[in-house]
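> So the chains spell out like this:
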Amino acid sequence: MASRKRTSKGASHPTPLTLADLPTGQRCILDRLDLPEDTARRLMELGFLPGNEIVPGRRAPGGGPRVFRVDGSEVALRRETASRLYIRRDPESDLVVLS
Amino acid sequence: MNGCHSPGPKTGLLPNPSILPPRPVNDRPIIVAIVGPPNSGKSTLFNRLTGLRQKVANFPGVTVEHRMGKAKLKSHHEVFLVDLPGIYSLHPRAEDEQVTHDVLKGERGDFPKPDSVILILDATNLGRNLVLAAPVLSLGMPTLILLNMADDLAVRGGKVDVAALSNELNCPVALISASKGMGIDSIQQFLEGTAARLNAPPPKIELPVLQDVPKCRQWAHKLGVRASYKAPAPPLWTRRLDAVFLHPVAGPLIFAAVVIAVFQSIFSWAKPLMDGMQDLVSTSGVWMSHVLPDSPWRSLLIDGVWSGVGSVVVFLPQILLLFLFIGILEDSGYLARAALIADRTMARFGLQGKSFIPLLSAYACAVPAVMATRVIENKRDRIATIMIAPLMTCSARLPVYTLLIAAFVPNLPILGGFLSLPAATMLSLYVLGFVTAILIARLLKSTILKSKSSSFVLEMPPYRWPTLRSLSLRLIDRAKVFLHRAGTVILLVAIVLWVLAHLPLEHGQTPPIEHSFAGTVGKAIEPAIKPLGFNWKIGIGLITSLAAREVIVGTLGTIYGIEGKEPSTGLQAAVHQDLSTAGAVALLIFFAFAMQCFSTLAVVKRETGGWRWPVFQFSYMLALAYSGSWLAFHLANYFLH
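Chains as they are written, first to last, in the numbering used here: chain S, 1 to 99; chain A, 1 to 641.
If you're looking for bench data, these hints aren't it; they were derived computationally from the structure. From a predicted model like this one, the values you see are computed outputs, not experimental measurements. Some hints could be false.
Below 20 Å or equal to it, Euclidean Cα-Cα: the simulated SDA-like pairs (lysine to any residue) are [what the hints assert, rightly or not]:
1) A:Lys379 with S:Asn52
2) A:Lys379 with S:Glu37
3) A:Lys159 with S:Gly51
4) A:Lys215 with S:Glu37
5) A:Lys215 with S:Arg32
6) A:Lys215 with S:Glu80
7) A:Lys230 with S:Arg32
8) A:Lys215 with S:Asn52
9) A:Lys215 with S:Pro50
10) A:Lys230 with A:Val244
11) A:Lys222 with S:Pro61
12) A:Lys204 with A:Leu139
13) A:Lys379 with S:Thr39
14) A:Lys271 with A:Gln572
15) A:Lys450 with S:Glu80
16) A:Lys215 with S:Asp31
17) A:Lys204 with S:Leu33
18) A:Lys180 with S:Leu33
19) A:Lys222 with A:Asn167
20) A:Lys379 with S:Leu35
21) A:Lys159 with S:Pro50
22) A:Lys271 with A:Leu324
23) A:Lys271 with A:Ile414
24) A:Lys215 with S:Glu53
25) A:Lys222 with S:Glu80
26) A:Lys204 with A:Arg226
27) A:Lys450 with A:Arg344
28) A:Lys222 with S:Gly51
29) A:Lys379 with S:Asp38
30) A:Lys70 with A:Ile414
31) A:Lys450 with A:Thr345
32) A:Lys271 with A:Gly570
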């Protein structure tokens with residue numbers, strides 16, 4: 001599934017990566033949430049805390065929201081929300097886990 | 001298994017509640033609130049503890065946001081349980097969480113502050129779930145913490161030391177499985193003791209600053225480590241099933257197949273049951289007319305009450321079947337996936353995936369659906385969803401649709417026998433309601449309810465087998481609500497109608513129905529409904545169905561009962577004499593669009609805080625119904641001659 005907003009795929013990323021940029025199964029660590037306070041709070045309550053590991057899962061058919069594995073559960077977010085969650089790649093494991 | 005049926009070491013109940021001073025005797029019973037995050041099993045536990053002694057009412061004026069029930073206890077204590085909406089924290093974001101927050105803090109005028117709390121958490125994800133213990137324990141009420149889904153935890157290789165956790169938090173903790181009934185004894189013990197307890201001792205582990213989410217999460221993590229919590233392996237089956245249900249191609253196809261299968265079976269499975277009910281109602285009517293002496297009372301009982309109420313009660317199997325399917329979809333966890341699949345489409349019409357869940361439950365009844373919109377945080381999205389919810393084909397329309405379709409649509413197989421023509425007609429009425437609803441939503445959201453696009457955050461619960469117990473409780477509940485309505489609203493309408501159809505007396509005799517009060521009213525509105533293909537008898541039905549949609553079936557039953565047509569030929573045949581096929585199509589469209597439900601209007605008034613929205617809703621739906629059925633009548637006349 002090619003996403004329209006994929007940024008240039010260089011070795012170094014000029015723009016910081018967000019959750020929306022990741023392929024399915026690519027682990028990452030959440031860096032910060034750039035969202036209105038109450039939405040950010042709810043996401044944090046659901047486990048989207050800076051420093052937590054997140055694994056992107058399935059996307060709903062037809063480009064709908066995507067399921068993310070975070071803190072022991074699975075939470076669906078729309079693309080526009082996911083693109084406001086900035087991440088850093090997990091330095092330890094760069095392996096792609098597909099299941 | 002993990003031996004949680006041996007309460008000794010696993011449950012850390014308070015040592016001896018009887019040594020504590022007895023609770024002062026109040027004039028009100030003891031209330032215990034059940035709280036927990038969404039999908040932690042609150043309602044399953046509530047059902048388990050209260051059984052059939054619970055009350056879920058879907059009528060205006062009765063408190064509906066919390067379910068109340070009396071706990072089954074060995075002693076004579078009266079303990080009431082209240083099942084509150086799921087929360088992630090005591091920092092409310094949506095209206096339903098506000099309810100929980102207000103009840104727990106004793107800030108609701110219409111509801112007393114609970115005496116103690118049962119906090120139920122999902123043991124398979126204790127790390128995150130334990131966060132909620134912090135705000136709940138900070139309330140200082142006696143609290144029992146239940147770690148639910150013990151069976152799932154054990155199967156997937158997770159572990160937790162309950163005694164250690166109980167020791168850290170200084171409150172009783174028990175590992176249970178609400179669905180399997182494991183560890184329920186410990187709850188009974190707590191409930192027995194709750195009468196004797198006044199205050200809870202503070203936890204040994206210091207509570208975190210509640211405003212700071214990362215701190216709270218760290219606190220829960222520390223707690224988990226001290227309780228040697230070992231998280232279970234990921235739910236493999238859920239992932240396997242999601243690979244199918246959320247597959248780009250198979251997912252939407254399965255979604256469509258599920259919906260079609262539900263409608264097909266509502267039609268074909270319910271048929272024999274309904275025929276049986278119909279036979280029961282008519283033979284008992286005939287039997288009564290033989291047994292009772294001839295008098296006006298016999299006529300009132302048989303032609304008025306029995307035909308009126310009986311013709312509605314016949315639809316009970318069909319309505320229960322619909323609720324059964326919705327129950328299975330909800331309990332299995334598929335509904336959350338459906339919301340996910342629907343989100344993109346809903347977004348196109350200015351709504352969001354979360355609007356999908358209330359809209360789906362509106363297929364059962366608009367009243368709980370309007371209440372379910374509380375999960376939508378955005379106020380304008382919420383009002384838009386409320387405005388369109390009654391366009392979803394609720395179960396009260398089912399009797400009307402079934403009657404008209406059975407009377408006018410021939411039973412022919414289509415699509416190579418996959419679907420019958422009546423089922424297809426029914427399905428298209430459901431689709432019509434849905435499509436109209438989202439178009440109206442689009443219109444509202446681009447005009448009077450314009451707002452910025454809101455976020456969509458939805459937790460995906462793991463798939464679970466729906467239990468027979470919870471499904472049957474649901475059905476018993478619905479049957480009660482339905483029969484209650486048949487015994488009150490519909491009964492009353494039937495009696496009033498019978499009286500109005502028998503007065504004024506002409507030369508001491510009951511008049512022909514045309515000359516009665518009911519007939520006069522029907523004739524008076526006939527000019528207005530003639531362009532839609534309806535005569536004055538249908539007109540009477542339209543008026544009585546303002547109380548509730550299915551009343552029209554009872555009304556027609558009463559009218560034909562009085563005319564002496566119904567018992568011999570059946571309502572389906574009788575209705576043929578008063579409606580052309582085009583008129584029947586128009587009547588179906590009228591019922592698809594019109595807002596004939598007093599209960600819904602009342603709940604919309606309560607939820608939106610005034611008459612403005614319900615009046616708007618009633619007017620736009622009536623306008624839609626009138627113009628829609630006018631158009632349908634003329635189109636049908638043109639195509640069917």
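> Against this structure, judge whether each hint is valid.
Right, here's what the structure says about each hint:
1. For the proposed pair Lys379 (chain A) and Asn52 (chain S), the alpha carbon gap of about 31 Å is over 20 Å, so the pair is violated.
2. With a C-alpha separation of about 17 Å, the suggested pairing of Lys379 (chain A) with Glu37 (chain S) holds against the 20 Å cut-off.
3. With a CA separation close to 25 Å, the supplied pair Lys159 (chain A) and Gly51 (chain S) exceeds the 20 Å bound.
4. Straight-line distance between C-alpha atoms of Lys215 (chain A) and Glu37 (chain S) comes to about 17 Å, which keeps the hinted pair within the 20 Å bound.
5. Restraint check: the Cα-Cα separation between Lys215 (chain A) and Arg32 (chain S) comes to about 16 Å, which is no more than 20 Å; the hinted pair holds.
6. Restraint check for Lys215 (chain A) and Glu80 (chain S): not satisfied, since their Cα atoms lie roughly 27 Å apart, outside the 20 Å limit.
7. Between Lys230 (chain A) and Arg32 (chain S), the direct Cα distance comes to roughly 28 Å. Violation of the 20 Å bound is thereby established for this hinted pair.
8. Note on Lys215 (chain A) and Asn52 (chain S): the hinted pairing holds, with a Cα-Cα distance of about 13 Å set against a maximum of 20 Å.
9. Restraint check for Lys215 (chain A) and Pro50 (chain S): the C-alpha separation of about 12 Å stays at or below 20 Å, so the hint holds.
10. With a CA separation close to 29 Å, the supplied pair Lys230 (chain A) and Val244 (chain A) exceeds the 20 Å bound.
11. The hinted pair formed by Lys222 (chain A) and Pro61 (chain S) fails the criterion: a straight-line CA distance of about 39 Å is larger than 20 Å.
12. In summary, the hint linking Lys204 (chain A) to Leu139 (chain A) is supported, as the alpha carbons are separated by about 15 Å, within the 20 Å threshold.
13. For the hint linking Lys379 (chain A) to Thr39 (chain S), the alpha-carbon distance of about 15 Å falls within 20 Å, and the restraint holds.
14. For a cut-off of 20 Å, the pair hint linking Lys271 (chain A) to Gln572 (chain A) stands: about 14 Å separates their Cα positions.
15. Annotation: proposed proximity of Lys450 (chain A) to Glu80 (chain S) holds, straight-line Cα distance about 19 Å (limit 20 Å).
16. Proximity of Lys215 (chain A) to Asp31 (chain S) is assessed by CA-CA distance (about 16 Å); at most 20 Å being required, the pair is judged to hold.
17. The suggested pairing of Lys204 (chain A) with Leu33 (chain S) is violated, with an alpha-carbon distance near 33 Å, which exceeds 20 Å.
18. With a C-alpha separation of about 40 Å, the suggested pair Lys180 (chain A) and Leu33 (chain S) falls outside the 20 Å cut-off, and the hint is violated.
19. Simply put, Lys222 (chain A) and Asn167 (chain A) have alpha-carbon atoms about 14 Å apart, close enough for the 20 Å limit, and the pair holds.
20. At most 20 Å may separate the alpha-carbon atoms for a hinted pair to count; Lys379 (chain A) and Leu35 (chain S) meet this at roughly 19 Å.
21. About 27 Å separates the Cα atoms of Lys159 (chain A) and Pro50 (chain S), which puts this hinted pair outside 20 Å; it is violated.
22. With a C-alpha separation of about 16 Å, the suggested pair Lys271 (chain A) and Leu324 (chain A) falls inside the 20 Å cut-off, and the hint holds.
23. The straight-line distance between the Cα atoms of Lys271 (chain A) and Ile414 (chain A) is roughly 18 Å, inside the 20 Å bound, and the hint therefore holds.
24. About 17 Å separates the Cα atoms of Lys215 (chain A) and Glu53 (chain S), which keeps this hinted pair within 20 Å; it holds.
25. Restraint check for Lys222 (chain A) and Glu80 (chain S): the C-alpha separation of about 34 Å exceeds 20 Å, so the hint is violated.
26. Of the supplied pair hints, the one linking Lys204 (chain A) and Arg226 (chain A) holds, its CA atoms being roughly 12 Å apart against a limit of 20 Å.
27. A hinted pair counts as satisfied when its Cα atoms are at most 20 Å apart, and Lys450 (chain A) with Arg344 (chain A) qualifies at roughly 18 Å.
28. Our distance criterion of 20 Å between C-alpha atoms is met by Lys222 (chain A) and Gly51 (chain S), whose separation comes to about 16 Å.
29. The suggested pairing of Lys379 (chain A) with Asp38 (chain S) holds, with an alpha-carbon distance near 14 Å, which does not exceed 20 Å.
30. Among the hinted pairs, Lys70 (chain A) with Ile414 (chain A) is inconsistent with the structure: their alpha-carbon atoms are about 51 Å apart, more than 20 Å.
31. Annotation: proposed proximity of Lys450 (chain A) to Thr345 (chain A) holds, straight-line Cα distance about 18 Å (limit 20 Å).
32. Proposed proximity of Lys271 (chain A) and Gly570 (chain A) is supported: the alpha carbons are some 15 Å apart, at most 20 Å.
The structure shown violates the earlier hints numbered 1, 3, 6, 7, 10, 11, 17, 18, 21, 25, 30.
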